[in-house]
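Asker: Build out the structure end to end from the sequences listed, making use of the hints.
Note that the protein sequences, when read in sequence, are chains A and B.
Note that my numbering numbers the first sequence so that position 434 is 434, with each residue one more than the last.
Note that my numbering numbers the second sequence so that position 34 is 34, with each residue one more than the last.
Take the hints with a grain of salt, since some may be wrong.
Since the list gives no way to pick out one identical chain from another, each pair is judged satisfied if it fits inside one copy or across any two copies.
Here are the computed lysine to aspartate or glutamate pairs in the EDC-like style, where the Cα-Cα straight-line distance is at most 16 Å [to be verified]:
no.: 1; residue 1: K122; residue 2: E26
no.: 2; residue 1: K239; residue 2: E48
no.: 3; residue 1: K100; residue 2: E90
no.: 4; residue 1: K100; residue 2: E144
no.: 5; residue 1: K122; residue 2: D29
no.: 6; residue 1: K248; residue 2: D327
no.: 7; residue 1: K24; residue 2: D277
no.: 8; residue 1: K239; residue 2: E253
no.: 9; residue 1: K251; residue 2: E414
Since the hints were derived computationally from the structure, they do not count as laboratory data.
The chain contents come next:
2 protein chains.
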Amino acid sequence: MAKAPVLTPRAEDFPRWYQDLISKAELADNGPVRGTMVIRPYGYGLWERMQQDMDARIKETGTQNAYFPLLIPQSYLAREADHVEGFAPELAVVTHGGGKELEEPAVVRPTSEMIVNDYFAKWIQSYRDLPLLINQWANVVRWEMRPRLFLRTTEFLWQEGHTAHATYEGARDFAARIHRHVYADFMENVLAMDVVLGRKTAKERFAGAINTLTLEGMMGDGKALQMGTSHELGQNFAKAFQTQYLSKEGKQELVWQTSWGSTTRMIGALVMMHGDDDGLRVPPRLAPVQAVVLAIKGDDAVVAKVREIGDALRAAGVRVRIDDRTDVPFGRRAVDWELKGVPVRIEVGPRDLENGTAMLARRIPGGKKAVPVDTLASLLPVILEEDQALLLAESRRRREERTSEVATFDEAVEAALAGGWARIPWATLGEEGEAALAEHGVSVRCLVAADGSVPDTDDAPGNVAIVARAY
Amino acid sequence: MAKAPVLTPRAEDFPRWYQDLISKAELADNGPVRGTMVIRPYGYGLWERMQQDMDARIKETGTQNAYFPLLIPQSYLAREADHVEGFAPELAVVTHGGGKELEEPAVVRPTSEMIVNDYFAKWIQSYRDLPLLINQWANVVRWEMRPRLFLRTTEFLWQEGHTAHATYEGARDFAARIHRHVYADFMENVLAMDVVLGRKTAKERFAGAINTLTLEGMMGDGKALQMGTSHELGQNFAKAFQTQYLSKEGKQELVWQTSWGSTTRMIGALVMMHGDDDGLRVPPRLAPVQAVVLAIKGDDAVVAKVREIGDALRAAGVRVRIDDRTDVPFGRRAVDWELKGVPVRIEVGPRDLENGTAMLARRIPGGKKAVPVDTLASLLPVILEEDQALLLAESRRRREERTSEVATFDEAVEAALAGGWARIPWATLGEEGEAALAEHGVSVRCLVAADGSVPDTDDAPGNVAIVARAY
Chain A
1 MAKAPVLTPR AEDFPRWYQD LISKAELADN GPVRGTMVIR PYGYGLWERM
51 QQDMDARIKE TGTQNAYFPL LIPQSYLARE ADHVEGFAPE LAVVTHGGGK
101 ELEEPAVVRP TSEMIVNDYF AKWIQSYRDL PLLINQWANV VRWEMRPRLF
151 LRTTEFLWQE GHTAHATYEG ARDFAARIHR HVYADFMENV LAMDVVLGRK
201 TAKERFAGAI NTLTLEGMMG DGKALQMGTS HELGQNFAKA FQTQYLSKEG
251 KQELVWQTSW GSTTRMIGAL VMMHGDDDGL RVPPRLAPVQ AVVLAIKGDD
301 AVVAKVREIG DALRAAGVRV RIDDRTDVPF GRRAVDWELK GVPVRIEVGP
351 RDLENGTAML ARRIPGGKKA VPVDTLASLL PVILEEDQAL LLAESRRRRE
401 ERTSEVATFD EAVEAALAGG WARIPWATLG EEGEAALAEH GVSVRCLVAA
451 DGSVPDTDDA PGNVAIVARA Y
Chain B
1 MAKAPVLTPR AEDFPRWYQD LISKAELADN GPVRGTMVIR PYGYGLWERM
51 QQDMDARIKE TGTQNAYFPL LIPQSYLARE ADHVEGFAPE LAVVTHGGGK
101 ELEEPAVVRP TSEMIVNDYF AKWIQSYRDL PLLINQWANV VRWEMRPRLF
151 LRTTEFLWQE GHTAHATYEG ARDFAARIHR HVYADFMENV LAMDVVLGRK
201 TAKERFAGAI NTLTLEGMMG DGKALQMGTS HELGQNFAKA FQTQYLSKEG
251 KQELVWQTSW GSTTRMIGAL VMMHGDDDGL RVPPRLAPVQ AVVLAIKGDD
301 AVVAKVREIG DALRAAGVRV RIDDRTDVPF GRRAVDWELK GVPVRIEVGP
351 RDLENGTAML ARRIPGGKKA VPVDTLASLL PVILEEDQAL LLAESRRRRE
401 ERTSEVATFD EAVEAALAGG WARIPWATLG EEGEAALAEH GVSVRCLVAA
451 DGSVPDTDDA PGNVAIVARA Y
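Answerer: Printed below as a string of structure tokens:
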């Protein structure tokens with residue numbers, strides 16, 4: 001008899017599978033205010049690991065963390081015309097504070113370019129103060145009409161970087177460095193996610209930017225997800241806030257700026273990229289728990305052995321959890337760890353003690369076999385790196401298999417609606433074609449150069465548009 | 001000729017000295033919405049170090065991090081009567097979202113007991129789910145009429161712990177464990193701050209708590225600052241939200257809860273506890289930068305030596321910063337590091353190269369002397385631990401010297417107004433006396449038992465009230 005599925009199968013209903021998984025793996029719950037979410041400890045543990053790794057990478061670029069206020073005077077928004085137009089429909093507005101109506105309402109930050117520039121304009125005096133490289137880890141609020149946990153939430157957590165440079169080239173190169181050496185490197189090497197690096201078309205650019213660099217990932221259903229963005233802001237905010245410096249030549253010059261962000265949306269990507277019908281599969285380099293050692297029965301000798309194995313693995317540098325909750329049926333615990341996507345389960349029962357073995361179950365490739373207990377500490381680090389590579393290869397293979405080269409608008413729409421990505425020459429599609437895609441619920445995710453690199457302009461010869469449905 | 005003071009001297013105007021220091025050491029700026037603040041990179045670096053250390057201590061208790069939403073439906077507040085009364089005057093209210101007036105306004109969290117209980121009530125089913133131990137690092141908003149950077153700000157950053165237990169004793173012991181083994185231990189051993197552990201009187205208790213444990217520190221001007229609190233909530237929130245569990249005996253029981261918080265206010269305490277007329281003095285165990293190695297002149301050999309010393313100290317486990325910005329006058333840089341309170345400055349000029357020495361300046365005890373370069377790596381770890389102990393001893397001595405044992409209400413007020421703390425038998429002062437203190441701008445900071453321990457009840461025989469002016 002086949003066991004009843006724990007989750008709605010992906011092939012049956014992908015969105016329902018996604019919600020089932022998030023709920024049953026205890027990643028998050030919906031919050032009481034529409035579109036908000038409660039990130040549960042296991043989900044937050046994934047975010048903490050993302051934060052630690054990203055934070056170190058961000059600091060390696062010379063960027064320092066700081067903290068800007070949540071509340072921004074409403075009038076600030078109006079200073080950069082594109083920016084206010086982009087964000088006005090999504091704002092949460094505080095009209096009352098301390099029991100009184102406020103003289104000027106405050107908006108809850110949807111992003112911090114405005115308030116950052118207010119201070120950059122004060123802090124930056126001379127070329128010696130540049131580049132100024134700041135990041136913050138914070139919550140932001142953008143009112144969301146069609147919320148979905150992690151992917152589109154009214155409040156989300158993120159890091160937002162804000163930098164000011166003396167030259168156009170300085171800003172351009174820094175935005176590109178974050179794009180490739182912080183974001184892409186992290187996503188490929190830690191999240192085990194294949195991502196395509198490209199530039200957004202003018203239509204899809206961040207409100208107030210002169211260029212938006214993006215990372216697009218293909219989810220399990222063939223749709224695209226924007227995984228992070230790095231913007232060149234040019235001098236748009238510098239003009240609005242008079243963010244200037246005294247050059248070596250003694251002239252007042254406007255700074256050139258960047259901003260860049262990555263969010264708790266990456267947790268949603270993790271689910272949709274690596275999840276299967278049994279639950280999540282967490283890449284070992286990210287996993288808060290890389291291996292769980294389970295006592296099958298509450299036998300003293302079994303529990304002692306489980307602890308001994310846990311200690312040995314910990315000494316080998318593996319992040320281990322012991323599960324000796326033998327008052328909960330073993331089957332239920334095994335299913336729970338499967339749902340949570342812990343890469344390796346080591347199961348120990350009374351019979352294993354006699355044989356000096358343990359059952360080793362691998363979540364990522366699947367499969368289960370008995371192995372000698374004394375080989376575990378040397379085996380696990382090897383297995384975990386293998387699993388890390390497997391996930392990345394799988395995600396790359398999916399994207400390659402489901403991407404088609406097309407020559408016409410109709411073919412592009414057809415490929416996207418069939419659950420894949422289409423690559424079409426940008427010269428063929430053009431801005432008119434891009435506008436027409438919207439009627440089909442399809443969009444240009446990014447432009448890439450013919451050689452796969454990130455193009456310097458929208459209209460560089462040979463640019464290819466990647467067309468897909470997107471989250 | 002004496003050098004002009006960089007800061008307003010403490011003896012002249014303590015509040016102005018405090019503001020000067022925060023501004024000139026680049027810790028924080030005022031935000032544009034009244035009462036908010038921008039935490040600058042150096043100030044935020046202190047907070048990051050506090051977070052890292054506290055987070056590890058919190059996790060050692062078995063507590064896991066999670067994240068609850070910023071926005072809470074206004075109606076939730078009303079469910080616990082004392083709680084709403086305590087917080088209503090301080091709320092920021094979001095009335096508009098996504099361009100429309102909201103059906104129900106949302107408050108920006110002033111604290112999260114309400115929303116946490118909403119989810120605890122769902123997550124907790126059985127005694128097996130207890131204790132449930134959750135913490136979050138987050139921002140909160142409490143509208144502040146008389147703001148002061150770090151001490152009282154409309155938005156501040158904190159950690160807030162929320163736990164649920166099966167028994168009264170379980171909750172009581174956990175609140176006490178956080179109070180002593182997380183907060184007090186961190187403050188004494190990392191922040192080098194003398195703190196008095198006590199319980200708040202009924203008047204000063206957290207809104208909704210049955211007991212509030214506090215840590216009170218004496219600042220440089222003799223006033224008290226509440227450094228952190230740990231509350232027993234009893235079953236007040238459990239009743240309001242029906243947070244129940246099925247006991248081993250098969251009965252539905254209400255849980256017993258705690259909550260506990262510590263905030264960016266600790267940065268203000270750091271300034272007022274350890275600062276002097278030259279700036280901040282950061283305890284070495286906390287310091288993001290424990291030693292700065294300065295090149296006096298931009299000579300190649302000097303800069304090479306500075307880097308070599310930096311590497312040697314880093315290898316010895318010291319957190320080092322190199323300062324080779326020789327286009328900025330040396331004197332200005334030295335003053336800046338003094339202001340920022342970096343414990344050790346190592347200054348290298350051309351003459352030092354010849355002698356194989358460097359000037360070693362100690363910020364905490366003061367003083368400067370030439371030492372052989374090759375002794376630095378072994379010397380510094382010793383010096384830093386010495387400085388850590390010096391700061392704690394100084395803060396303890398100040399509290400002891402400025403605390404007086406008094407027998408009457410008038411003496412207590414007099415001692416407090418003179419810039420110190422008064423210890424008066426609680427049986428002598430009583431609740432009426434406590435109420436009368438307010439007219440003099442003085443309050444009971446906490447109750448302590450005769451033997452210095454934390455009393456179990458307000459009215460335990462021998463309880464002593466600590467009376468002071470407070471921030």
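Asker: Among all the numbered hints in the text so far, which are the ones the structure does not match?
Answerer: 2, 9
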